[in-house]
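Enquirer: If you want the building blocks of each chain, they are given just below.
Number of protein chains: 2
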Amino acid sequence: MNQTIETILNHRSVRQFKNEALSDEQIRTIVQSAQAASTSSYIQAYTIIGVKDPVKKKKLAEIAGNQSYVEENGHFFVFCADLYRHENIGRWENSDVIHSLESTEKFMVALIDASLAAQNASIAAESMGMGICYIGGIRNDLEAVSEVLELPDRVIPLFGLAVGYPAGDSSVKPRLPMGAVYHEDVYNADEAGMRAELDRYDETISSYYHERTGGKRSDRWTGQMAKMLSGKKRMYMKEFVQGRGFDKR
Amino acid sequence: MNQTIETILNHRSVRQFKNEALSDEQIRTIVQSAQAASTSSYIQAYTIIGVKDPVKKKKLAEIAGNQSYVEENGHFFVFCADLYRHENIGRWENSDVIHSLESTEKFMVALIDASLAAQNASIAAESMGMGICYIGGIRNDLEAVSEVLELPDRVIPLFGLAVGYPAGDSSVKPRLPMGAVYHEDVYNADEAGMRAELDRYDETISSYYHERTGGKRSDRWTGQMAKMLSGKKRMYMKEFVQGRGFDKR
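Protein chains in written order, with the numbering used here: chain P, 19 to 267; chain V, 19 to 267.
Careful: at least some of the hints might be erroneous.
When chains are identical, the list treats them as one kind, so a pair holds in a single copy or across two.
[Stated by the list, open to error] Computed cross-link-like contacts, BS3-like style, restricted to lysine-lysine with a CA-CA straight-line distance of at most 25 Å:
1. K266 with K245
2. K70 with K36
3. K266 with K251
4. K266 with K256
5. K250 with K266
6. K245 with K256
Just so you know, these hints were derived from the structure itself, not from any lab.
Isolated chain P, as found in the complex:
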């Protein structure tokens, strides 16, 4: 196993960081790594906002549900889907691009582009001994996030990425058994097989929580998912996304 794969497999979310800001050089390396990711038809449909202003960080932490690690970290990035550049280009080039920009296809492209870039940034940071945590919590209120970061239309914040040197330990969380996630040639939709696989996974997860909480927790994964998904969370999203000019047709 090479060092890169070791870094990848060793990933855990870090939620406590040393009070040590990343240098400009480190930030540059992370952003350049992000930019090196593949991009659909060279479109590069994303923007990264690095947040240094403590007032803005505090506000973002509140939006994300008072997660202290949004405020306290080495650096905080917000990854955005961005077609604002392309709208401008359409105007400069007298080209009718709006139909495309507002399509579900381009919404997907921008999300995929931004996510590939973010994962490159994460791996780059982790390879330098830092820890990372994705912050989906900013999606609690994207209107407010857009205000904090002064985002124009055709730009949507997708998630934050807290980066820094880990303070304290965290552990690798077991993933679904490979057989549940990886199929060959066709999707194996057999319910009994899936259930058997997820039953085994539930046992793994129960033991994981049991061990780490001295017996206080023993959640099953399927139980967590059923509970989480029964909450009607962030149902404003469709309206917000379309209001910003994405996913309209």
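Model the placement of chain V on the given structure of chain P, informed by the hints.
Expert: Then chain V, alone, in the frame of chain P:
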């Protein structure tokens, strides 16, 4: 610069592969790397289909616009957004999850999850000396792809990933200047500044094409984007996505 960052910055799309199939061990390492990526609230909302059947590969290559490297590679993965598992879990646990599953929020979560996983897979493969190419072309006809891979509802193929040992050379394509993609604290929406930055980038890209084609091509990036986006491509996407149970509310 460490080896991982070197691998990341050295990325180029590879479109010609040696006739050498990946071993099961290599496939396992790549899938495990994919699975190690962060996942929103532990949801793991994706599935990866490895396609070995030459008839299926041929069909996918046709769908993608007769791209030979979809057929000829070391291995071909299709990354899918997947909430089918979670629909089943809802039923097993007597939990009303449908509202959540059909939300734009969860559509975004599934796309982001799948993309983070795919980028880990890519970096893992590249760290082992392989090359990769994302195949957005499968989105030309997702109905047909779903048929080939026998995908149930609540599963959407997003893109392919061709992996294998490179045959022949390809070069790193210059990305947008960092200043165009990375902003600090607020989005810099100043049009004149953006235009100046993109003018400089256009010169870089023109030289890039000029050098590589012996003067035959000298496209500007903005010109490419204007042209590409004026085409109303894959406008069936919204209907398809909603038909499969995503992004409905």
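Enquirer: Evaluate each hint against the coordinates.
Expert: Each hint tested on the structure:
Taking CA atoms no more than 25 Å apart as the test, K266 paired with K245 passes between copies only; the shortest distance there is 21 Å, against 30 Å inside one copy. In this assembly of identical chains, K70 and K36 lie within 25 Å of each other by CA distance solely inside one copy; the values are 16 Å within and 47 Å between copies. When the C-alpha separation of K266 and K251 is checked against a cutoff of 25 Å, the pair qualifies both within a copy, at 21 Å, and between copies, at 14 Å. Taking the closest pair of Cα atoms, K266 and K256 come within 25 Å of each other both inside a single copy (9 Å) and across two copies (8 Å).
For the homomeric pair K250 and K266, the shortest alpha-carbon distances inside one copy (22 Å) and between copies (14 Å) are both at most 25 Å. In this assembly of identical chains, K245 and K256 lie within 25 Å of each other by CA distance solely inside one copy; the values are 22 Å within and 29 Å between copies.
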